[in-house]
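Chemist: Below, each chain spelled out in residue letters.
There are 2 protein chains.
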Amino acid sequence: MATASPVTFDLLATDPSSRGRVGMLHTPHGDVPTPVFCPVGTQATVKTLAPRDLKELDSRLILANTYHLYLRPGAELIARMGGLHRFMAWDRAILTDSGGFQVFSLQDLRDLDDDGVTFRSHIDGSEHRFTPERVVVIQELLGADIAMVLDECAEPIDRAYNIEALRRTHLWAERCLRAHTRPDQALFGIVQGGVFEDLRAESARVLSAMDFPGYAIGGLSVGESKADMLRILDVVAPLLPADKPRYLMGVGSPEDLVEGVFRGIDMFDCVLPTRLARNGAVFTPDGRLNLRNAQFKEDPRPIQEGCGCYACRHVTRAYLRHLVISKEILGLHLNTVHNVHFLLQLMRELRAAMQQGELAAFRQRFLARYRVADAQARRENRQAWGCRETR
Amino acid sequence: MATASPVTFDLLATDPSSRGRVGMLHTPHGDVPTPVFCPVGTQATVKTLAPRDLKELDSRLILANTYHLYLRPGAELIARMGGLHRFMAWDRAILTDSGGFQVFSLQDLRDLDDDGVTFRSHIDGSEHRFTPERVVVIQELLGADIAMVLDECAEPIDRAYNIEALRRTHLWAERCLRAHTRPDQALFGIVQGGVFEDLRAESARVLSAMDFPGYAIGGLSVGESKADMLRILDVVAPLLPADKPRYLMGVGSPEDLVEGVFRGIDMFDCVLPTRLARNGAVFTPDGRLNLRNAQFKEDPRPIQEGCGCYACRHVTRAYLRHLVISKEILGLHLNTVHNVHFLLQLMRELRAAMQQGELAAFRQRFLARYRVADAQARRENRQAWGCRETR
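In order, the protein sequence lines correspond to chains A and B.
Numbering-wise (the working numbering), the first sequence opens with residue 1 and increments by one.
Numbering-wise (the working numbering), the second sequence opens with residue 1 and increments by one.
Treat the hints with care, as some may be off.
[Claimed, not checked] Simulated crosslink set (BS3-like; lysine-lysine; CA at most 27 Å straight-line): (1) 327/B <-> 55/A; (2) 226/B <-> 327/A; (3) 297/A <-> 327/A; (4) 327/A <-> 327/B; (5) 327/B <-> 297/B; (6) 226/B <-> 55/A.
[Stated by the list, open to error] Covered by chain B, per the in silico footprint, the following chain A stretches (three or more residues, Cβ under 8 Å): (7) 70-79; (8) 83-96; (9) 104-112; (10) 243-254; (11) 264-272; (12) 291-301.
Because the hints were derived from the structure by calculation, they are not lab data.
Ideal Cβ positions, reconstructed from N, Cα and C, are used throughout, including at glycine.
Let's have the full structure, built from the sequences with the hints guiding it.
Modeler: If you want it as structure tokens, here you go:
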């Protein structure tokens with residue numbers, strides 16, 4: 001615990017118009033300018049993208065899911081194949097979640113106690129057990145640059161449950177920290193506490209005292225209202241150490257990225273851009289388009305005028321609609337390329353705005369133009385979470 | 001008809017040990033070294049591959065299917081979007097088949113007369129009619145570099161039916177030739193006649209007299225035995241003009257490509273490499289592997305040692321098996337990259353062998369090593385043909 005962390009963070013600039021920060025995350029697999037959006041590679045692949053595509057998009061840090069890889073193909077197998085980087089041919093940085101989020105999403109299939117959680121596989125129903133120590137071992141076998149502690153992702157609006165869950169989450173964070181040994185991997189803590197400001201503040205203080213090299217904010221990507229998420233970020237971010245990276249887990253949409261950066265978040269991950277793409281929905285500065293709509297049948301424009309992604313530089317909405325309607329895999333790939341590019345480009349623009357000290361104005365312009373998907377679409381996106389998110 | 005063809009063929013070398021030929025096909029969208037294997041882009045996309053991937057593979061000529069594109073998104077729409085090249089962002093050469101093969105595969109859904117064929121869409125059951133003239137118009141709207149005449153793809157072993165079908169095929173070839181006007185597109189004839197040497201010879205003579213800029217040999221990719229195919233190639237190839245390209249439609253497997261080139265064929269197309277890839281089967285010099293098999297679970301080798309494709313340069317059989325078992329799209333893509341590379345590389349090696357005058361020895365070595373998939377697998381491959389081949 002006393003040794004230097006293999007992942008360090010340099011705070012390069014702060015935006016005077018907000019809590020926004022520009023930084024650089026140094027990892028054993030390269031530097032990552034922050035704020036950063038991490039595409040999600042649940043099963044050791046960011047769906048429809050090869051490593052060459054992610055490099056063309058200049059993605060520096062991607063996520064992989066411990067729960068999924070533990071079940072299939074197995075962490076030991078990946079270790080014997082040289083670790084996750086070599087297995088998936090990705091020589092840049094990787095972060096693995098702890099699997100807690102997925103296990104708690106199993107609901108009826110799990111059994112919790114203070115020592116850990118027993119659950120059944122969504123693939124074959126077989127029984128498994130995650131403890132803080134076991135989750136650290138699994139993540140050390142996978143060998144990502146950043147691992148996460150096992151936390152309890154509680155129903156965010158049940159106060160009594162959150163008090164109990166937070167006690168366990170802090171206990172587990174300490175046990176993970178003690179168990180962690182891999183010198184080329186950093187272990188981040190996770191702040192929980194539901195929608196309750198006092199619990200969140202307590203969690204931030206308790207975890208800060210444990211001196212993790214980075215801090216995540218969990219439990220804000222599902223179930224709660226957007227107002228709750230922003231309110232909690234306003235409370236938690238100022239309580240976290242300024243010289244450590246802050247990671248908002250499972251978020252998000254373009255508007256949530258802007259709001260998160262505005263509140264001092266440095267790292268984000270979400271399946272939204274890749275999942276939406278496979279449903280035919282693509283981001284533009286004016287909001288989402290669904291390419292299945294008949295209005296795009298003969299639309300000769302790219303998804304987004306002036307966009308630098310491969311899809312926008314080469315094909316029209318009409319062609320993409322044809323691919324989506326014809327169930328062609330290339331349509332899923334090109335939409336994914338665009339959506340991931342859109343979020344990575346948004347992060348580049350947010351960094352530039354902060355370097356100019358103009359994040360507040362950028363946020364105002366962005367949110368005035370970007371038509372947020374309606375409540376129904378938001379609800380659907382947030383419902384499709386956890387371990388069932390494999391397609 | 002008297003104007004110069006926009007597609008010309010230079011015969012560069014002949015192999016003294018076989019009927020094999022090395023040539024160059026000149027098209028409005030670039031030169032194509034022959035013999036060439038053309039990946040199939042049924043619905044205006046070679047399944048799972050973007051144009052950038054096909055260029056990385058150095059594919060020079062791809063196929064698209066008139067029947068499918070006529071039904072969806074429609075030839076007029078593609079014409080209004082600037083033609084097929086621009087629509088699918090492919091600036092190299094394209095060949096469209098006439099749609100006859102797909103329509104005749106519809107069996108119970110078609111109604112044939114001397115003037116044309118009426119059929120129902122496999123998508124929505126709507127009624128349509130192809131005549132020789134209509135099929136030329138549709139292909140001129142699509143705007144490929146090479147279009148094909150409408151032919152009747154008859155049951156290959158029914159002699160009486162083949163005599164009747166051949167009469168119609170020759171009648172339609174002439175009508176297509178008269179109807180064709182697009183100056184930047186060549187129209188190729190198609191030799192038919194089933195498994196009957198005299199009918200095939202007659203067809204080769206009749207069509208040669210019509211002076212097409214290129215000749216296809218149809219009806220040899222389904223239903224007949226491999227021995228029949230080779231016997232017919234031995235009869236037909238020598239009867240076709242030496243200074244025109246010869247195209248064996250719907251073939252094939254690695255061993256069929258070698259046998260076809262050995263008999264003087266210059267062009268091939270087949271869905272086999274892309275379809276097999278999506279089923280988890282990949283080519284190697286020793287035969288096919290099915291990556292679903294448990295034996296590959298921890299196999300640290302690439303699909304093929306020394307292969308230059310992106311998949312073999314970056315990932316293991318174990319990773320590809322994981323992707324296939326986990327139903328990840330990247331697995332379909334990487335397997336497709338390898339299989340298309342394998343056939344394009346085989347064609348490069350065949351050209352080199354002929355330039356050395358050593359095709360017979362190359363063929364012997366290749367066939368001695370390449371374990372041909374069993375009869376059952378061959379039958380399955382050949383059954384999955386025609387318009388139903390969209391997944």
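Chemist: Each of the hints needs a verdict: does it hold here or not?
Modeler: Each hint tested on the structure:
| no. | hint | result |
| --- | --- | --- |
| 1 | 327/B <-> 55/A | holds, 23 Å |
| 2 | 226/B <-> 327/A | violated, 33 Å |
| 3 | 297/A <-> 327/A | holds, 15 Å |
| 4 | 327/A <-> 327/B | holds, 16 Å |
| 5 | 327/B <-> 297/B | holds, 15 Å |
| 6 | 226/B <-> 55/A | violated, 45 Å |
| 7 | 70-79 | holds (count 3) |
| 8 | 83-96 | holds (count 3) |
| 9 | 104-112 | violated (count 0) |
| 10 | 243-254 | violated (count 0) |
| 11 | 264-272 | violated (count 0) |
| 12 | 291-301 | holds (count 3) |
Hints 2, 6, 9, 10, 11 from the list above are not met by this structure, while the remaining hints are.
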